[in-house]
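Residue numbers (my numbering), protein chains in the order written: chain A, 1 to 358; chain B, 1 to 358; chain C, 1 to 358; chain D, 1 to 358.
Hints should not be assumed to be uniformly reliable.
As the list claims (entries may be wrong) - Rough simulated footprint, nothing fancy, chain D against chain A, three-plus residues with beta-carbon under 8 Å:
#1 8-19
#2 282-292
Stated by the list, open to error - For lysine-lysine, the following BS3-like pairs were computed, each having C-alpha atoms within a straight-line distance of at most 30 Å:
#3 Lys290/C to Lys43/B
#4 Lys283/C to Lys5/B
#5 Lys234/B to Lys270/B
#6 Lys194/A to Lys290/B
#7 Lys43/A to Lys283/D
#8 Lys175/A to Lys120/A
#9 Lys43/B to Lys88/B
#10 Lys175/A to Lys234/B
#11 Lys120/D to Lys270/C
#12 Lys290/D to Lys192/C
#13 Lys42/B to Lys194/D
#14 Lys120/D to Lys194/B
#15 Lys40/D to Lys192/B
#16 Lys290/D to Lys117/C
#17 Lys42/C to Lys277/B
#18 Lys42/D to Lys192/B
#19 Lys270/A to Lys43/D
#20 Lys42/D to Lys194/B
#21 Lys270/B to Lys117/A
#22 Lys42/C to Lys192/A
#23 Lys192/A to Lys192/C
By construction, these hints were calculated from the structure, which means they are not laboratory data. Glycine included, every Cβ here is placed at the ideal spot set by N, Cα and C.
Protein chains: 4
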Amino acid sequence: MNTIKVSIVGSTGYVGAELVHGFSGHPQVEFKYLTSETFKGKKFSDIYPVFRGVVDNTLVSTEEVSYDVIGKESDLVITALPHGVSSKVVPQLLAAGCRVIDHSGDFRYKDLKTYEKSYKLDHPHPELLEQAVYGLPELYREQIKDCSLAANPGCYPTCSIIPLTPFLKAGLIEKEGIIIDATSGVTGAGRKEKLEYSFCELDESFKPYGTVGHRHNTEINEQLSFQAGDGEGKAVKAAFTPHLAPFKRGMLASIYCRPTAAFADVTGEKVLEVLTKYYENEKFVRVLPKGVMPDVKNVNGSNYIDITGVYDEDTGYIKLFSAQDNLGKGAALQAIQTCNVMFGFPEETGLGTLTRGV
Amino acid sequence: MNTIKVSIVGSTGYVGAELVHGFSGHPQVEFKYLTSETFKGKKFSDIYPVFRGVVDNTLVSTEEVSYDVIGKESDLVITALPHGVSSKVVPQLLAAGCRVIDHSGDFRYKDLKTYEKSYKLDHPHPELLEQAVYGLPELYREQIKDCSLAANPGCYPTCSIIPLTPFLKAGLIEKEGIIIDATSGVTGAGRKEKLEYSFCELDESFKPYGTVGHRHNTEINEQLSFQAGDGEGKAVKAAFTPHLAPFKRGMLASIYCRPTAAFADVTGEKVLEVLTKYYENEKFVRVLPKGVMPDVKNVNGSNYIDITGVYDEDTGYIKLFSAQDNLGKGAALQAIQTCNVMFGFPEETGLGTLTRGV
Amino acid sequence: MNTIKVSIVGSTGYVGAELVHGFSGHPQVEFKYLTSETFKGKKFSDIYPVFRGVVDNTLVSTEEVSYDVIGKESDLVITALPHGVSSKVVPQLLAAGCRVIDHSGDFRYKDLKTYEKSYKLDHPHPELLEQAVYGLPELYREQIKDCSLAANPGCYPTCSIIPLTPFLKAGLIEKEGIIIDATSGVTGAGRKEKLEYSFCELDESFKPYGTVGHRHNTEINEQLSFQAGDGEGKAVKAAFTPHLAPFKRGMLASIYCRPTAAFADVTGEKVLEVLTKYYENEKFVRVLPKGVMPDVKNVNGSNYIDITGVYDEDTGYIKLFSAQDNLGKGAALQAIQTCNVMFGFPEETGLGTLTRGV
Amino acid sequence: MNTIKVSIVGSTGYVGAELVHGFSGHPQVEFKYLTSETFKGKKFSDIYPVFRGVVDNTLVSTEEVSYDVIGKESDLVITALPHGVSSKVVPQLLAAGCRVIDHSGDFRYKDLKTYEKSYKLDHPHPELLEQAVYGLPELYREQIKDCSLAANPGCYPTCSIIPLTPFLKAGLIEKEGIIIDATSGVTGAGRKEKLEYSFCELDESFKPYGTVGHRHNTEINEQLSFQAGDGEGKAVKAAFTPHLAPFKRGMLASIYCRPTAAFADVTGEKVLEVLTKYYENEKFVRVLPKGVMPDVKNVNGSNYIDITGVYDEDTGYIKLFSAQDNLGKGAALQAIQTCNVMFGFPEETGLGTLTRGV
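Isolated chain A (complex conformation) (with noise of 0.2 Å):
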């Protein structure tokens, strides 16, 4: 059985974390090198205990060993940077001639404008948004095969985006006035000595945030686009709304949109069937029977994501439910599978086993 050296730059964030957790009892992968500038000398177990004598890797910083040597000595490194950070790191990476999977938003458009507006940057390296291939494995199989460069999409962009590709692929649903509310874990704002994310004011609360303008909305309305037909990324232009909830681990999103004419029959079954058909081959999409509602518990730690749809005939409005870990699906272990279609692995490799149970 063959096996990759993987590094992970950025290993002690809630994202980098995951990625050590999951890729720990990956059986085709050893770590090279796990970065941490913060912590670099220590044992990556001295700051997740829960990880002591499962991974005591030391930590060691990009100043002491640099990207070029990363890079040389990994078959792949998976980059958990902040925007504007990926951007000038994973080039060099790149160079060094390893493949590159990153979790921010840098690589992830493919038009210079939209990230340059979301995110209020410039782009260092703007050739490589063509290069770089959207880690979702359901949509970019083929093209994650041999990329060098896999952009893994955003947590809100993966769940809104697999329930509404079957429908926006199939013209069943208006392009116009989708709306997709949403919420959180609290992982989800990252690993911060921050006030608004204590436990007091977080306990008992919750509240909607970014509620106009969120970057992980221009990102999903591009996709959305691409996926009904635009190959400009401007046709879909959805209302997205993310809210904070009381848990760590999480994520789900609830969908509004309506039939077209070619979905003039529609019927809540009917809506289940073409999702059911969609991803009847897709071992991490689950679509629920009829009457079982995604809950985000039943997604914690594992690389799945349920998903199921209503239509409510009174308004005319379809609604899709999908949850996701935020963290699983929507961040470090959809990049698992996605170094697996890399690396020609199969694809449940280190992920067939449901982490978490009761």
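Once you've looked at the hints, dock chains B, C and D against the given chain A.
Below, chains B, C and D alone, put in the same frame as chain A:
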């Protein structure tokens, strides 16, 4: 200072208990009877030890003390009973000469058919539907003053109607296509011995429920239609989806609607202005300053509802947000506000002090 | 009804905010100054939106308004400052002629050495240690009445001293070998931008901390020794271990001690009798009936402390249990009780209504 | 790689489900029967949607498939049944020729009278008490290898016995006066339709229960006595108090004991040394470095138990602390470890990957 005698029928459910809690600090109210069929003979504080030394009244059953006696000896009876039960009990109480505030769905509708379809019940006293006043003081203050029967609004309807009314009344938003995506804390499900509401099933859980045809949807539609000027209660059909989140008390609504031509110059500022102006004299409706979002923790334990709105020019949607305590403004404390209006007490009596802090 | 002017120095920490919350409903108190160095110029309700429309006072810094002015214009100043700061500020306030209730550890000890060892600080005004009264009304009511400086007890000490005192005073338990195993909600750690208190680090977490030499241990020892009749404050050395649990407010102590020969006929009933009799006239100490255990949820938001005790005849241990709100009887609301004693108000003024229900 | 057939009797309670979860990733185990009387005919994943696509086995009732058949067709049967039921079922399974790991209290005791007094039941097969092996591999590994019946330890006993054993075995602590103050997450109460375990009753709650005479107390005493060298199981009588805390999984024990004369030179370092040395070859017992405290979040979902100890020289108490997952090392995953020992698999098979991360 004159006082009234208040009885609470069904005082040991969560709404009943919050009524007891709220009224226990009301300077112009004394309790006459607190009823419970299940716990008769025990002290109220045996069931809720939090009230030991505060409310130690003995619970009576309505077999011991008839509705007739309760009604005759009370100025006001508040019923916190299941729908289908209230419709039989309330007429007996009214016949005994007291005034009533009812918490069920049985007297909230003007249209009998809508009620019967929504609750799948025949109504034994349809004549009372006309007589009953919808107990939302901000909209029906004048009618409440002299009514003998107030139907306390549902929790989801309250937090939907309050933010939408100023726009519907002024014709500023389309009646079509309104979406209400809302989330409740677990007390909203009542005090029940059900596995689905157990700690282990709901901790770290988040999910939609009642995704098509939830009862509160028709109540919302009828009231919004009235506000939109349709006396028939048919003009507005909102798409409504409730969710259940892992906190005890609180409810948040995220509402999507579109400006009419009359509101062609819509901006976020103007949305806020409409809300601010409409509710400028309302003590319990707090229109938040620009950039501050409603959070259930900030209304927890109080009769406040916090609201705001933004305009998303990319999509043309107005987004409105409201947060209330589902047992507060969404149920028991709103009933106290209504009681104050009915009996001519200053409207904030017993409600003027915020009941939770940090 | 006479009223007093109260200022709160350090009003935006959790203890400060709960003081503001509690006093905002006190009919005989009006706020003079609410200070905050960090948020000066803002409204109190900008920092805590839960208080919008309730407490909108503008925060002042003590650079703008000196301690001398605050002291001169207030009847009572409550300081919610870190230890080591209070010891410098309180003398200035006393010199200005006001009375003071302090929340730090700086005036809680009679023995200077114990303080200095526990807090690793020199005390700039050791002469005030003698003058200060330990602000536990159940034990020091008479001394509190006329004092100018009350040192509000620590949260862990309060819930340790209340249940143990009746037994120590009567010589019914051994002074040796007392164990206090206690658990606090997260507000006990204060309002801090620290990763260790973030939601993601504390949700689904439970752990001991400060397992040897926690500061409150020496405070507990000194007070228990006094109750045991040792004026030197040395007779009792309890083993104390605090834990941190994933709830916002509340504290529970589980205490283990052994009966003396004088209590050879100990039974569970007799343990309860001792507690009941000792506290029969105390409004805020609720001795629970046999078989009912204290629960932090039942004291949340209130000034109550719920206590009980059992006797384990297999091991010969008496077990005592107490629950209080760490910000309530454990801090801010106890200070209001002390204020009422100091100014001759009925002791439950502003505290008579339970502040949380269901 | 040889595999065995495993059946789980009572597979839909929380312990049963965690057994299914754990074994579903075990490379040398295949499921034969998963039984449920309540849910027979449904798929396991209908009851626990988290397992959809992972464990879709159909549940059978023991009316359809007799214990005789289950026992004959399985190499190992794991019973997750109530006490008093196991004592009748296990003998039937053993008679059919399989090996059994039982989760009830029915086979954990050597002393029949202690069992009968603790569980208030007559034992129909007292002869099996002698034959059964206490399924704690760290203490009884050799006996487990060849046993036909292993009694899986209680959760509280496991986290009490592991930290105390090294000291009791070596005579380093007094047998008298040991105190075990422990806290469990809510899954410890089982999957029950009871109001007292509802979300609304337990959120923001913390309380002791079973404060005198909890069943696990006698199990702890018997085992600790054996470790202390008393074959009668009477020498140690610990004072034990369990508490219930608002998290789903996890258990923490805080233990107080006194050094004997043989340990007169006790220090915190030496306490740690004793633990470290005793467990140096144990994969699942992690002795934490000085200053790091056990936290339930760090063992959640795993078979690890994290332990440490300190010495409080002011009081002369040694304090020991342990954290485990009550369903992990405290129940189902410990049974998998025991299964591995029984069948000669490497002990960490199926348990080697940590099952929860961030």
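Unsatisfied constraints (hint numbers, rising)
none
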